[in-house]
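Novice: Please build the complete structure, drawing on both the sequences and the hints.
One-letter residues, chain by chain:
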Amino acid sequence: MKRFTKETYKKSGMSPGSLIHIGDKKIEQPLISFFNYDEANCMEKQDASMENISPVNTSDLTAWININGIHDAGVIEAIGKHYNIHALTLEDIMHTGQRPKVEEFEDYLYVVIKMLTFEEGQDKIHSEQVSFILGDNFLVSFQENHGDVFDAVRERIRKAKGRIRKKKADYLLYALMDAIVDNYFLILESLGDRIESLEEEMLGTSHQTTLVTLHNIKQELIFFRRQVWHVRDFLNVLEKGDKPFFQESTTLFLRDLHDHTVQVIDAIESYRDLLTGMQDLSLSHTSARMNEVMKILTIISTIFIPITFLAGVYGMNFKLMPEIDKPWAYPAFWLIVIVVILGMVFFFRRKKWL
Amino acid sequence: MKRFTKETYKKSGMSPGSLIHIGDKKIEQPLISFFNYDEANCMEKQDASMENISPVNTSDLTAWININGIHDAGVIEAIGKHYNIHALTLEDIMHTGQRPKVEEFEDYLYVVIKMLTFEEGQDKIHSEQVSFILGDNFLVSFQENHGDVFDAVRERIRKAKGRIRKKKADYLLYALMDAIVDNYFLILESLGDRIESLEEEMLGTSHQTTLVTLHNIKQELIFFRRQVWHVRDFLNVLEKGDKPFFQESTTLFLRDLHDHTVQVIDAIESYRDLLTGMQDLSLSHTSARMNEVMKILTIISTIFIPITFLAGVYGMNFKLMPEIDKPWAYPAFWLIVIVVILGMVFFFRRKKWL
Amino acid sequence: MKRFTKETYKKSGMSPGSLIHIGDKKIEQPLISFFNYDEANCMEKQDASMENISPVNTSDLTAWININGIHDAGVIEAIGKHYNIHALTLEDIMHTGQRPKVEEFEDYLYVVIKMLTFEEGQDKIHSEQVSFILGDNFLVSFQENHGDVFDAVRERIRKAKGRIRKKKADYLLYALMDAIVDNYFLILESLGDRIESLEEEMLGTSHQTTLVTLHNIKQELIFFRRQVWHVRDFLNVLEKGDKPFFQESTTLFLRDLHDHTVQVIDAIESYRDLLTGMQDLSLSHTSARMNEVMKILTIISTIFIPITFLAGVYGMNFKLMPEIDKPWAYPAFWLIVIVVILGMVFFFRRKKWL
Amino acid sequence: MKRFTKETYKKSGMSPGSLIHIGDKKIEQPLISFFNYDEANCMEKQDASMENISPVNTSDLTAWININGIHDAGVIEAIGKHYNIHALTLEDIMHTGQRPKVEEFEDYLYVVIKMLTFEEGQDKIHSEQVSFILGDNFLVSFQENHGDVFDAVRERIRKAKGRIRKKKADYLLYALMDAIVDNYFLILESLGDRIESLEEEMLGTSHQTTLVTLHNIKQELIFFRRQVWHVRDFLNVLEKGDKPFFQESTTLFLRDLHDHTVQVIDAIESYRDLLTGMQDLSLSHTSARMNEVMKILTIISTIFIPITFLAGVYGMNFKLMPEIDKPWAYPAFWLIVIVVILGMVFFFRRKKWL
Amino acid sequence: MKRFTKETYKKSGMSPGSLIHIGDKKIEQPLISFFNYDEANCMEKQDASMENISPVNTSDLTAWININGIHDAGVIEAIGKHYNIHALTLEDIMHTGQRPKVEEFEDYLYVVIKMLTFEEGQDKIHSEQVSFILGDNFLVSFQENHGDVFDAVRERIRKAKGRIRKKKADYLLYALMDAIVDNYFLILESLGDRIESLEEEMLGTSHQTTLVTLHNIKQELIFFRRQVWHVRDFLNVLEKGDKPFFQESTTLFLRDLHDHTVQVIDAIESYRDLLTGMQDLSLSHTSARMNEVMKILTIISTIFIPITFLAGVYGMNFKLMPEIDKPWAYPAFWLIVIVVILGMVFFFRRKKWL
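Residue numbers (the numbering used here), protein chains in the order written: chain W, 3 to 356; chain H, 3 to 356; chain G, 3 to 356; chain B, 3 to 356; chain S, 3 to 356.
One or more hints might be untrue.
Chain copies aren't distinguished; within one or between two, either way the pair holds.
[Said to hold, decoys possible] In the DSSO-like style, the derived pairs of lysine-lysine whose C-alpha atoms are separated by at most 30 Å in a straight line are:
| id | residue 1 | residue 2 |
| --- | --- | --- |
| 1 | K103 | K126 |
| 2 | K161 | K83 |
| 3 | K83 | K163 |
| 4 | K242 | K163 |
| 5 | K328 | K169 |
| 6 | K163 | K27 |
| 7 | K163 | K47 |
| 8 | K169 | K103 |
| 9 | K103 | K354 |
| 10 | K354 | K321 |
| 11 | K28 | K47 |
| 12 | K354 | K169 |
| 13 | K103 | K242 |
| 14 | K161 | K47 |
It is worth saying that the hints were derived from the structure and are not from the lab. Just so you know, these numbers come straight off a predicted model, no measurement behind them.
Specialist: Take a look at the structure:
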């Protein structure tokens, strides 16, 4: 639940643009690292401090500054001052309850996106907010925590694989977003496997716990869909090429990325339809089973209740029961019992219950 | 229910623009207070009268006139004349059944928005209508009652915190709307907590009362969503910057505010999905429980009805029942009983009922 | 049902523009009345004939001709000729199955709207079609029957209250539509009260009749919503100000009216959501009650069936039942009965049925 | 089912534009008839051959060629050559699975629409495809079978009723489409009557057959709605007046026709809502009835099971049952029985089951 | 499930534009074949190698190169270099999880579409991805496997049937897409037959397996619809004629193709509505049957439980039961039994259970 509100009360009444971290503090000390590269050169620095990154901005190289940890207002403010970032943007960076979005400012483009991971045991999708500031020749990325899906991109920069070193900061932003969206496919797959196993569980005895799991996974899909939906929306805008921070040649890649998000949403929708279908099926299973239970009860009762009555009758102690002394009485009783049973069986056969 | 119609019959047949208060009279005497400030100066007056506010309008300072209590047609009309407000606007101000909206007039912008509060005990969202008249260098706000969410803004004006004293009346309007929307997040949180506790209740024994509460909270969400939806709509229009009463620089803040409303609506939608899921789950719980009840009844009945019949048979008083005198008869009866019971247990095992 | 088709077969195969009245004939004799006014003068004539109204059209005054009764093709045709009205418009006026709409013709604007009334006893919304022909300085209104919601407007014209006498025919049209829409709020309120009382009924014992009523009211809401929806649509178009028959100053009033229809639709939607929620609740109530019934049956059966069997056993007449002669046998029987009962009670306690 | 696919496999793999009839052959021999008229003259010919119609095309009169029977590729091709019709259009004419649509070609406008009839006994809507080729001064109409709804139009042409003889081929097309759409109202009415009678059936004992009928009628409504929906769509386009084959003056009539389709769709939607409501109601009826059945069973069982047990107890043959010899025992037994019954009745009263 | 994700993890972290085949390898060796034709000449080559196809590109003839098998990065890359295809396109060709789409590049148009087949026994729709590269005078098509629906097109090229040899590569692309979409109608028909047989199954005894099949077919329809939906979308764009790779004259054919996809989607929607209706019907059947079962149980129980009690009473061994010795007692007992039975029958008659 908290995932939707992110304890926003800390902020209520604050002046807009106040730098207050909202979210869980997932890391002790903000960690700054940076790349500085063009086609020929590539410099990398882990564990940098604010002073280190100062001069890069003026050079002709592309600079990628990555900050892990967004709870320290001092660091965020320093970077904000360094790159001339609007107070509202800084506030959004520190506030982890953002929806994925793109905002254009005069000097930079601000992009928020969620890095998602699926915890199999818990059937939960965890999200980490990643913010990007895309300027003319630099990209600043903010993550909540250590660990990300960018290692393949880093490797490509280091080893000059693909076209990344030949391109500018806008392509870097694309490459990072691409890594995040590619990771969404992994989640899709985990979810797909989970649903498949649920489907099998269901064909066995439908435990009520299956339905609860199904309900939970549906909620996760709703959360997932909402995240990707917003990403798709802003990629659709970026792809149209009317944003000044993207080169023409990168637009093709954005189109490709947009296409991926459409695929993810398609799959999520399919999963939701499938889960809804499974719920309906489970409901009708339950009611069919109930029907069967009722039938057995009714068959047994309907057969035995009349003949039990008959047995009761001849257990009565009336003095004057003429048939009781007849020798044929007892066999006659059993005859009647058999006739009743056969009649009932015939009746249920005709009703297709047996 | 009344929340949707607000006893509008008082108005039917009136000439449009008639000043009739529609709503509950929540306050005895309208209370006027005002701020008058620029970057250097700040004057504040509580409990002002109409005469006090007369001259401020012509000065270069930004004036914020706040009126608590909207049931007195005389006061509203005086202010209307003072600021040249259209009769239809005055009518809307006094009529508390407005939906949130923005209307542009020649001399001013008219904004209606709802201040919402969540009463935990009652699971009810209460709303108070706030109207704003934004002119060139003044802002008039109308509230139904004492008490609002603007104290933090007032403090910022008094102490010149943030950028509020450097900006004009349009930024003040933004700041006040921001305070109202920020407050929506508090309601979200209360609702989130409430739903979470409901979810736990449900996992225990599903009392029918839980479903009623769930139904009520769903209605509140519908009401809430409707309110925020309209706010989002008009902020979307304002953000586009085509309204003459907002400075370019304020537009960025409106975009931020718009974004907040989108977040609130996202969360409300998620809550609704969640509640619907919970209802479905509760229904399937009920039907699963019924199934279990039926099974127990059927098992017990199916086992005992046949053997009770048998006991009945040998309770009959027929003279000629050959087996009744045999010494092995009674043990044989018990043997049959045990065989029937074991057979039934085996049958139910195979049906996976046991 | 008839409300959707209005016996249209009378028309099939007719040439388009044929003047055939379709609908119930609600009045014997068409009744023409008219107002003729400007700011200074006001002339009123009840029970006018076609000749009376002839000259007014050329004067500078605003003329409002009201016709009650639309079944007489002769009268309609005469007026059509008088004001140069297109045959298709005349056909629509006489055909009471119109949806609310605005149609622009060269010389006039044609507006259809429904006057609605709620019959409390029957839970039915009755509708009467009102057509308006708005020309340069005249307005012709057609009603199906005597009695309308325009008396307040007539009074305002007679007594020169408000701005109506200062304005032209377009404002008059607005005022009349405003009166009709204001009346919608009354229906909303009646519906609101009805739903509230239904909600209370439901909390008591849910009679099946409540569900039928609920179903009926839902149908009425669907009908109501459809009517207002079309009105909202065309007001939205008119408000944009691109229709030549409205003065700029009236546009503000149309915006206000449009806003009212949005409010009505909002309320109707809320009612529908509420009714749907109530239906769901009622369904889950029924199923919860069934569950309870089943539990009681199961508890009673499960306790008594085994001990009844035991009693049956010792009612058997076997010669050789050793325990039957023992003095402790009868108390032992009761002991077993008590143990079974306590065991069952314990079992049901653990299952939380008791 | 076939109605959606129309045995399209006959065509798979064919070159586009191949003239293969797809649909049921409803007529033996194609039948050509034509009208040739202007305001002064009117010539009519039944049972014409291709040679007859050859010269008309060049004259100044309006020509309406009607072909009943579309299975003969030779005839269709001859007409196609005569009027210079694109191969794709000819293919569409012979393929009866078209959706209603308008297609503009260089020399003509191609319109497809469905003539619908409701077979009361079967609750089925049957459809016949009608294609129109509208050229500058001619209209060719293709029907699948004899018999149509155009007789009134033919009569109007013959007797010069209305404005049809004064107008051109575009008005004729309008008049024919108008006749088809007018006929839709008849279907609406039949459906309305059918639903009304179903509603009454339902208030009696809800036979399962009623639900099946309801399901079938819902399918018919879906089919009906789909047909009218497409008609509405293309009329909306035509009405805008941007199609070269319509004169300005006809546009008003198209608007009227468009309005009729909106009314039909409105009514269909209302019917669907109504049917859905009826289904829900029927479901809740069933479950309410089940509840009642269960209550009766439970009341009877709960009262008699305990006292039957008691009777069983005193039917036991234990030697030592002290109370059995007491003279007050039998009356005491009845006393207990009465107390149990009264207690149960009281209990059920309190539960509001009685 | 896999159908939605296509094991995309193989790609995560790769540089965009990497040539990795994703999907099942369905074929051992890629097989290249080509056509080279104009109106006069036609050359065909099966089993061609890359060298064979080299020169064709420069000639004036239309070249159609078809590749079966897309798992060999070497072949794909060679073709990519040959026709100057963007790396992202090559990646998409090898990645079988594409949604149907059109992408415009500077030198060519890239089209992806799915060839679908319905496996009757399994009720499964299988899909094979087909990619097209449309250049100025060439078309390259990529299929996953041998076997396609293009044989009729090949025959038309070989024998110069229809207009295909007179037209360019854009018409060829249309013809191939037309063949694929025509094939969709076959699937529609198989689905229609399947649903019809399900409907009949349902009218008999509703086996739970029918519902599972119904659920599965619904999933297939969702998959089918998604595929056609995307095709319809891009055809709508192509039809508008703003894509440079299509000649004006081909646009008419694209419109026709677009129309076919609309028909397919219409039919799919109808099927879905039908299936949903069948599910509802099946549910209400189940609950009606349960109702009937309950009624029989209740009737039998309610009749026999009271009289069994009575029999129990007179089976008691109380010493002092005055009525037991009376000669009229036993007949009186039977009289009471008959009265009770008749009373019950009368009661159930009045409740319309019998």
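Novice: Take the hints in turn and mark each one as holding or not.
Specialist: Hint check results:
no.	hint	in the structure
1	K103 <-> K126	within (23 Å within a copy, 32 Å between copies)
2	K161 <-> K83	between (32 Å within a copy, 24 Å between copies)
3	K83 <-> K163	between (34 Å within a copy, 19 Å between copies)
4	K242 <-> K163	within (28 Å within a copy, 40 Å between copies)
5	K328 <-> K169	neither (110 Å within a copy, 103 Å between copies)
6	K163 <-> K27	between (35 Å within a copy, 27 Å between copies)
7	K163 <-> K47	within (19 Å within a copy, 39 Å between copies)
8	K169 <-> K103	both (24 Å within a copy, 27 Å between copies)
9	K103 <-> K354	neither (61 Å within a copy, 50 Å between copies)
10	K354 <-> K321	neither (45 Å within a copy, 41 Å between copies)
11	K28 <-> K47	within (23 Å within a copy, 47 Å between copies)
12	K354 <-> K169	neither (74 Å within a copy, 64 Å between copies)
13	K103 <-> K242	both (16 Å within a copy, 17 Å between copies)
14	K161 <-> K47	within (15 Å within a copy, 43 Å between copies)
The structure is inconsistent with the numbered hints 5, 9, 10 and 12, although it conforms to all the rest.
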